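First to last, the sequence lines map onto chains L and A. Numbering of the first sequence is given in this note's numbering, commencing with residue 5 and proceeding in unit increments. Numbering of the second sequence is given in this note's numbering, commencing with residue 5 and proceeding in unit increments.
If you're looking for bench data, these hints aren't it; they were derived computationally from the structure. Keep in mind the model is a prediction, meaning the values are calculated, not measured. Hints are supplied without guarantee of correctness; some may be wrong.
Note that identical chains are pooled: a pair holds if it fits in a single copy or bridges any two copies.
Stated by the list, open to error - Here are the computed lysine to aspartate or glutamate pairs in the EDC-like style, where the Cα-Cα straight-line distance is at most 20 Å:
#1 95 with 181
#2 123 with 72
#3 95 with 184
#4 131 with 155
#5 131 with 181
#6 123 with 155
#7 95 with 81
#8 131 with 81
#9 131 with 166
#10 123 with 160
#11 123 with 181
#12 17 with 109
#13 17 with 155
#14 123 with 152
#15 17 with 6
#16 131 with 120
#17 95 with 166
#18 131 with 152
If you want the building blocks of each chain, they are given just below.
Protein chains: 2
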Amino acid sequence: MESLKRLPGIGEKSATRLAYFLLSAPHDLTFELSEAIARLQRDTVVCDSCFTLSDRTPCPVCAHPGRDTTLICVVEEPADMAAIERSGSFKGLYHVLGGALSPIDGMGPDSLRVSELEKRAQVDGVKEVILATNPTAEGDATAHYLADRLERSNQERGSNIEVTRIASGMPLGGDLEYADHVTVSRAIRHRRALAD
Amino acid sequence: MESLKRLPGIGEKSATRLAYFLLSAPHDLTFELSEAIARLQRDTVVCDSCFTLSDRTPCPVCAHPGRDTTLICVVEEPADMAAIERSGSFKGLYHVLGGALSPIDGMGPDSLRVSELEKRAQVDGVKEVILATNPTAEGDATAHYLADRLERSNQERGSNIEVTRIASGMPLGGDLEYADHVTVSRAIRHRRALAD
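The following block holds chain L by itself, in its conformation from the complex (with noise of 0.2 Å):
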């Protein structure tokens, strides 16, 4: 119980509960469960090429054939990168900064993996980097942070490389009622023709 207690959003109650769960449960589900937990910082590593969290380097995403590798897609965190693989939306590679620009909480370019984005955008063939970094202030910030930067790094190079932003809008099952303004602001800036 004084275990589970440390662990975020568990308390007394729950950590009672759950202990006197795990002390009837199954053999295999406690067997399983501990040796996850153990294994979880044993075999994680971080990928030496897109930087997210994965058992193994390059993790499977950097390392299967059939990924677009002209397609660099930025996320601030591995999560972030998981809910687009969900979303089976997205077949290119990944960049994973590792937070977002914040200077109040000291998180300046040089904490993010800015250089090694740059470093990667160079290589032959890269063709667009998508910068998914999620819509809030620091989010947006970072964006077009990484887009100047890009922008000079193609300036520099004589390099093309497409810099594009994912879409704000209305979210599925969103109601216009009840929205933000700048969220309904961009709704219908950014309307586009009905074809999709």
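We have chain L already, so just place chain A on it with the hints.
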């Protein structure tokens, strides 16, 4: 208390609290509230032109000389129109459908103001119809239905009115990690050059 209890979301306790508050409230507040409630239905009319609810017809938006009459933004309800007005991102006219297609609820094209939209779109000078129904199953289906109708109308009349849909994507402050996979998928698919 009996009257207050008939309002949605107001139970026994709230009704009691409100009634006692009103008992001891300043006279100008109770007078204003009572007048406003009385006026609400007496003075609310449907705009002849865009079908929103207003205190006059044509409504202030339709009557405003500065609005761009070449743009019509189609919304489900007056509240959606109010949300877009609050965002300050649109200077054209509106068309309030009165809901979305929903066969289960018996809402077919005849229950909505579809033929009225067709008639308005045929008026000289309309260049674009923006389909701003909500990004729900019903709203999306309604948008596709309207696009088909407007397209057919274009062909029959040899006109060329553009039909667009508000942007789908990540809402402001959203996090890819917690977004549903359709929203993530649309955010990736509808990515755009980082110009604005």
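- request: Give me the numbers of the hints this structure contradicts, sorted from smallest to largest.
  value: 5, 8, 11, 12 and 13
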